[in-house]
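> One letter stands for each residue in the lines below.
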Amino acid sequence: MTKPLLQLKDVVLKVNRNTPEEITILNKLNLTINAGDFITVLGSNGAGKSTLFNAIGGDLSIDSGQILLNGKDIAHESVEKRTRFLARVFQDPKLGTAPRMTVAENLLLAERRGQRRGLLPRGLNHHMAHYKELTATMHNGLDDRLTTATGNLSGGQRQALSFLMATLKRPEILLLDEHTAALDPRTGQDLMHLTNERVSQDKLTCLMITHHMEDALTYGNRLIVLHHGKVTYDVAGADKQALTSEKLYSFFAEIE
Amino acid sequence: MSLAVSAIGQGLLWAVLGVGLFLTFRILDFADMTVEGTFPLGAATAVAAIANGMNPLLATLLAFVIGALAGLITGLLYTKGHIPILLAGILVMTACYSVNLRIMGRANVSLLGKSTLFKNHFLASLPQYFDSVVLGTLIMVIITTIVIYFLQTELGQGFIATGDNQTMARSLGINTDNMKIMGLMVSNGLIAFGGALVAQNNGYADVNMGIGIIVIALASIIIGEVAFGDLTLNQRLVAVTLGSILYRFVLLLVLKLGFSANDLNLISAIILALCMMLPVFKNVLNFKHLVKRGLDTND
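Residue numbers (numbering that gives the first Met the number 0), protein chains in the order written: chain A, 0 to 255; chain B, 0 to 298.
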């Protein structure tokens, strides 16, 4: 379980390169993610949390350093190529699903994440029974709306679907970018429970950005804090369990 | 009677354009101006090839290939060159004008005395105008079937997802640039194919025959949607052909009202604008809504 899955070594990422407005977002960031880690990521606005995800996902290219997956440098692979091992859920429910396609069609798209798509018929009907079962585990009525266009779903249903899509084909790494933040508190908590259930059941390696300190403490086996583009705090296991929100608050007060 | 048959025949031949444009306008969700150049490009290619002795069927297929190449250029300018799609389309459309003149050697080339797709024993034996009805039906059945099949494949679903939500498509490993390029190629291939058909039906190709093509192709899409309402994707593709036929009847009516053929571009634009504004009118004129607003003071 302690095998490093993903390693970020001295990762530097700047925006507005070669202009007077150049800003260093990730500043020699080092992070080793072990297989099976469920890491909650805290940090104030502008600390580089989303940028870290975009660097791992390939949306932003890094200026220097290495990103190693199982020891192989993937820093120059395209976004599409990285989806073979990586799945993401975005904060905005609209970003994770195709609005004019049905729930089942969206799931089918996710089933082939990172794989070649050819000219074979999609075979949607073979999957319907499975999708019915799968969506029923969300307990939010998604299973009755398999043939509904996702644009007509509620935000909570859409986000639950996004999460299902991200985990349908087991990703080596799952990135959750405040995926419950846009939902009402109750729906958000429901999805959070489901997330925790699925991540521990499937032993997924997962990074989750959150602004809820309680969630960061409750969930996961490891907690990191990002500050000025570096990992400034990193606790795991028993140390994390011993952590309280008071201690975290005082830590934040210190670094600010 | 023969006028109606002629309208149906013309509607079927021009429907190829509607299906071609549907791929970009409705699925990828942008307006591709290239079609104004690829329609005469297809016509010019086919006519020049036939004039040089090529088999009409091969010449029509060649038009598809050349149109697809023009679409490829628009696609590369748009995805790799980061030129906005509207401008990328206009650039290729403008370039096509010169290319078309080069291909034909002059502004207008006739097919008089040459063989065309319409000149075979079977089609020639039919009553007047039935040739385009028969050939048009055959072509539209084949093209619509292929497009419907394609959209239900794994690749086709990735293509639809690209137009629907690019961020999601990318996060599922779909190469959205390639999808857009592919869509532009097939779309413009079909438009050029349509140009080749229309040129053979008319008996000539003209360098100016592309003007207003995007409006005509849009008209068949929009009229089909307005006339048949809520449909599945597959049904919508069939509705494009019916919309194209309806559009021809509208034009027929307009001519009967005493307008000249020179007014058709103006009238086409007005019809299309009205159809596209229909949802707005419906909202403004929604009686239930007005009553509700009158009664509900809190609103």
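These aren't lab readings, by the way, just hints derived from the structure by calculation. For each residue, glycine too, the CB sits at the ideal point set by N, CA and C. Be aware that one or more of the hints could be misleading.
Partial chain A-side listing against chain B, Cβ under 10 Å, derived [what the hints assert, rightly or not]:
| no. | residue |
| --- | --- |
| 1 | Lys13 |
| 2 | Arg16 |
| 3 | Lys93 |
| 4 | Arg112 |
Simulated DEER-style distance windows between Cβ atoms [what the hints assert, rightly or not]:
| no. | chain 1 | residue 1 | chain 2 | residue 2 | range |
| --- | --- | --- | --- | --- | --- |
| 5 | B | Tyr96 | A | Asp58 | 52 to 58 Å |
| 6 | B | Leu86 | A | Glu20 | 26 to 32 Å |
| 7 | B | His120 | A | Asp142 | 56 to 62 Å |
| 8 | B | Val133 | A | Thr146 | 53 to 59 Å |
| 9 | A | Ala128 | B | Gly228 | 27 to 33 Å |
| 10 | A | Lys131 | B | His120 | 24 to 30 Å |
| 11 | B | Val249 | A | Glu20 | 51 to 57 Å |
> Each hint: holds or not?
Hint check results:
no.	hint	result
1	Lys13	21 Å, violated
2	Arg16	17 Å, violated
3	Lys93	8 Å, holds
4	Arg112	5 Å, holds
5	Tyr96/B <-> Asp58/A: 52 to 58 Å	39 Å, violated
6	Leu86/B <-> Glu20/A: 26 to 32 Å	27 Å, holds
7	His120/B <-> Asp142/A: 56 to 62 Å	59 Å, holds
8	Val133/B <-> Thr146/A: 53 to 59 Å	38 Å, violated
9	Ala128/A <-> Gly228/B: 27 to 33 Å	32 Å, holds
10	Lys131/A <-> His120/B: 24 to 30 Å	56 Å, violated
11	Val249/B <-> Glu20/A: 51 to 57 Å	55 Å, holds
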